[in-house]
Amino acid sequence: MQIEALGCVGIGCVWGWLLGLFSRSPQGCRINNLAILLVGTLLLALQTWLFLGWREVVILLIGVGCGAGVHLTWLHILRQRKLSNYEFRRK
Amino acid sequence: MPETASNLQLAGAAGFGALIGWYVYYINRYRKGSIQLSDLVTLVGILGGGAILAIFPSGSDLFGAYGVGLFIGFFSYFIVLLILVRISKKFNVDWFLDNRRKIPAKDEIVPEGSGVTGQAMIAEEKEPNRIG
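The listed protein sequences correspond, in order, to chains A and B. Just so you know, we're using our numbering here: the first sequence kicks off at 1 and counts up by one. Just so you know, we're using our numbering here: the second sequence kicks off at 1001 and counts up by one.
Hints in this document: simulated from the structure, not taken from any laboratory. Just so you know, even glycine gets a beta-carbon here, dropped at the ideal spot from N, CA and C. A couple of the hints might just be wrong.
[Said to hold, decoys possible] Each computed DMTMM-like pair below joins lysine to aspartate or glutamate, with the alpha-carbon atoms no more than 20 Å apart:
| id | chain 1 | residue 1 | chain 2 | residue 2 |
| --- | --- | --- | --- | --- |
| 1 | B | K1089 | B | E1108 |
| 2 | A | K82 | B | D1098 |
| 3 | A | K82 | B | D1094 |
| 4 | B | K1090 | B | E1112 |
| 5 | B | K1102 | B | E1112 |
| 6 | B | K1089 | B | D1107 |
[Claimed, not checked] Over 10 Å on every C-beta distance to chain A, these chain B residues come out as not near it, computed from the model:
| id | residue |
| --- | --- |
| 7 | L1010 |
| 8 | G1017 |
| 9 | I1079 |
| 10 | K1106 |
Please build the complete structure, drawing on both the sequences and the hints.
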C-alpha cells in the first residue's frame, strides 16, 4: 500500500514537471496549451480514481502540484537571475 | 498474479518505469511546436494508462514500483542534463531558458538539424492569446 502511494507521487511529480514544461512551449505560454494540460490532468485523475481510488487521486494531485511548482519556481529563479545579470551588464 | 511481488519483480517494474521515464523526458526535449491533444493522450497512457495497468495491475506493489521507477528515470535525465551543462564550457544555465550557447570554435561544427531541442521559456512578441 505504501509503495503504491509512492508510485502515485512519482507519477504525479513527472506529470507536474511536464505541465511546467508544456505551459512554456516554444511559442510561449498560451491558453490553448493550458486548456489541453488541464484536460490531461483531469484524464489522469479520472483514470486514477477508476483504477485506484480517491486517496490515490489526492496523492497524485499533490505530486502534480509539487512537480509543477518546483519546475516553475526553478525557471522563475533562472529568469530572475538572468535579468539581474543583464541589468548588471548594462550598467 | 500473486498478492506480494518478489524483489526481482519489483526491481523489474521499477527498471521498466525508469526506462520509460528517461524516454519521456528525452522525447519531450526534442518535441517541436506546441503541445497537441494527441501528445497528451499518449503521455497519459504512458503514465498510467490501460496498457501499463495490464502489465502492472492497479493496487499492486508492481504498479507502485513502476511509478517510483518512472520518477527516478525522468528526473535522472534532468540531473544528467544539469551535470552536463555544468561541466561544459560551451553552455551555462541560460541554455535552459533560451537555448543560448557559445559559438563553436574554428575547428568545430554543429551538423545542420542536429541537437535541436525545445525551449523551456522564451520571450517573444505579444500575441492575442498569449497570457504570460
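Now the hints, each set against the structure:
no.: 1; hint: B:K1089 <-> B:E1108; verdict: 14 Å, holds
no.: 2; hint: A:K82 <-> B:D1098; verdict: 11 Å, holds
no.: 3; hint: A:K82 <-> B:D1094; verdict: 7 Å, holds
no.: 4; hint: B:K1090 <-> B:E1112; verdict: 18 Å, holds
no.: 5; hint: B:K1102 <-> B:E1112; verdict: 16 Å, holds
no.: 6; hint: B:K1089 <-> B:D1107; verdict: 15 Å, holds
no.: 7; hint: L1010; verdict: 8 Å, violated
no.: 8; hint: G1017; verdict: 8 Å, violated
no.: 9; hint: I1079; verdict: 12 Å, holds
no.: 10; hint: K1106; verdict: 26 Å, holds
Consistency note: the structure conflicts with the earlier hints numbered 7 and 8.
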